[in-house]
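Q: Position 8, counted from 1, in the sequence shown is what the UniProt record's numbering calls 8; the numbers after and before it change by one each time, with no gaps.
Hints were generated in silico from the structure; no laboratory data involved.
All values derive from a computational prediction rather than experimental measurement.
Each hint should be verified, as a subset may be incorrect.
With beta-carbon atoms standing in for the labels, derived distance ranges [unchecked claim]:
#1 148 with 83: 41 to 49 Å
#2 62 with 191: 29 to 37 Å
#3 175 with 129: 33 to 41 Å
#4 194 with 153: 22 to 30 Å
#5 87 with 163: 31 to 39 Å
#6 174 with 226: 44 to 52 Å
#7 256 with 194: 34 to 42 Å
#8 235 with 256: 17 to 25 Å
#9 29 with 226: 35 to 43 Å
Derived DSS-like pairs: lysine-lysine, alpha-carbon spacing no greater than 30 Å straight-line [unchecked claim]:
#10 264 with 147
#11 78 with 239
#12 239 with 226
#13 134 with 226
#14 166 with 78
#15 127 with 188
#16 127 with 264
#17 188 with 275
Yeah, the Cβ is synthetic: ideal placement off N, Cα and C, and Gly gets one too.
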Amino acid sequence: RRSPRGRGPRPGSAWSRGFATELLEIRSREPSPSLHVLVVPGNPGIVGFYKDFVEALYENLGGQASVTAIGHISHGQKDYEHGRLFSLHEQIEHKIDFLEQELLHTEQSIIVVGHSIGAYIGLEICKRFQKKVKIFLGLYPFLTLNKNAMKQSAIGYVARSSLLSKGVSLLASFIGSLQASVTRSIVKRFLGSSWSATAIDAGCSHLLQYHTMRNVLFMAKTEFQKLNEEPDWNFIRAKQAQIAFLFGVDDHWGPLTHLEEISKHAPRVALSIEKEGHTHGYCCTEAGSFWVADYAANLIKNQMLVGDS
Numbered sequence: 001r002r003s004p005r006g007r008g009p010r011p012g013s014a015w016s017r018g019f020a021t022e023l024l025e026i027r028s029r030e031p032s033p034s035l036h037v038l039v040v041p042g043n044p045g046i047v048g049f050y051k052d053f054v055e056a057l058y059e060n061l062g063g064q065a066s067v068t069a070i071g072h073i074s075h076g077q078k079d080y081e082h083g084r085l086f087s088l089h090e091q092i093e094h095k096i097d098f099l100e101q102e103l104l105h106t107e108q109s110i111i112v113v114g115h116s117i118g119a120y121i122g123l124e125i126c127k128r129f130q131k132k133v134k135i136f137l138g139l140y141p142f143l144t145l146n147k148n149a150m151k152q153s154a155i156g157y158v159a160r161s162s163l164l165s166k167g168v169s170l171l172a173s174f175i176g177s178l179q180a181s182v183t184r185s186i187v188k189r190f191l192g193s194s195w196s197a198t199a200i201d202a203g204c205s206h207l208l209q210y211h212t213m214r215n216v217l218f219m220a221k222t223e224f225q226k227l228n229e230e231p232d233w234n235f236i237r238a239k240q241a242q243i244a245f246l247f248g249v250d251d252h253w254g255p256l257t258h259l260e261e262i263s264k265h266a267p268r269v270a271l272s273i274e275k276e277g278h279t280h281g282y283c284c285t286e287a288g289s290f291w292v293a294d295y296a297a298n299l300i301k302n303q304m305l306v307g308d309s
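Using the sequences and the hints given, assemble the complete structure.
A: What follows is the structure, given as structure tokens:
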């Protein structure tokens, strides 16, 4: 059963592919909106991290588009799937199924906004629904491995080891079981010294769960296996007029060398570099959420005007 939705980012839930799905949605002020923006998170796929971004994007679009952020399976507060682990492929199919159920049969144009590995997932959604998706925007995209990034290598090492993954997940769940003020203090100090209160709340309630952390690491393991391949340049080139990417200056998940690769293979893709000092995890800070939402809304409005002319 879906929770009621209304204005202001409202947590909700749905069932997609038979799995409990956390949503964060704001319905358009228009009775029959022409646009629906689907926000696909990175990993962790916790929609609570995107609350400020979703709200700011909605407001910057003048309330004329509905905005939905969809969480990943078993990255939620409760272990509805009883410890089952879900791969990148399964998370992609989950988003595709949601679109088929909820949005495909409406008159609305779909805009897909993907962050980090959500950009990879978003491109897969676009492949499946090429007529329905009008614009794809990848934010700080993770589309292929960065062999020079030590942090990626370290995460990959932990993710490939079942023993280490279980150990990290047990530690996360132990921290999550402590007194709330202690948990919050630890998260703020070690994860989010600049995080917003909203992001810290989401980290404490969702990320510090054994099932969530196991799924975060298992998904990462399957990401590293899949993203060892080259991006689908043929598809990106074919749809380049409808695709845009925002890169960060110092982002090991989406380094500027990847921007150069895209420019070489698909020169008409709209490419931007954020130089304001925000990070890959922009959605966990108020300043990052507001800046990126403003950028995304302006791009969407400009692209839709171009598309309508």
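Q: Any hints from earlier that this structure breaks? Give me their numbers in increasing order, please.
A: Violated hints (numbers, rising): 1, 5, 6, 7, 11, 15; every other hint is consistent with the structure.
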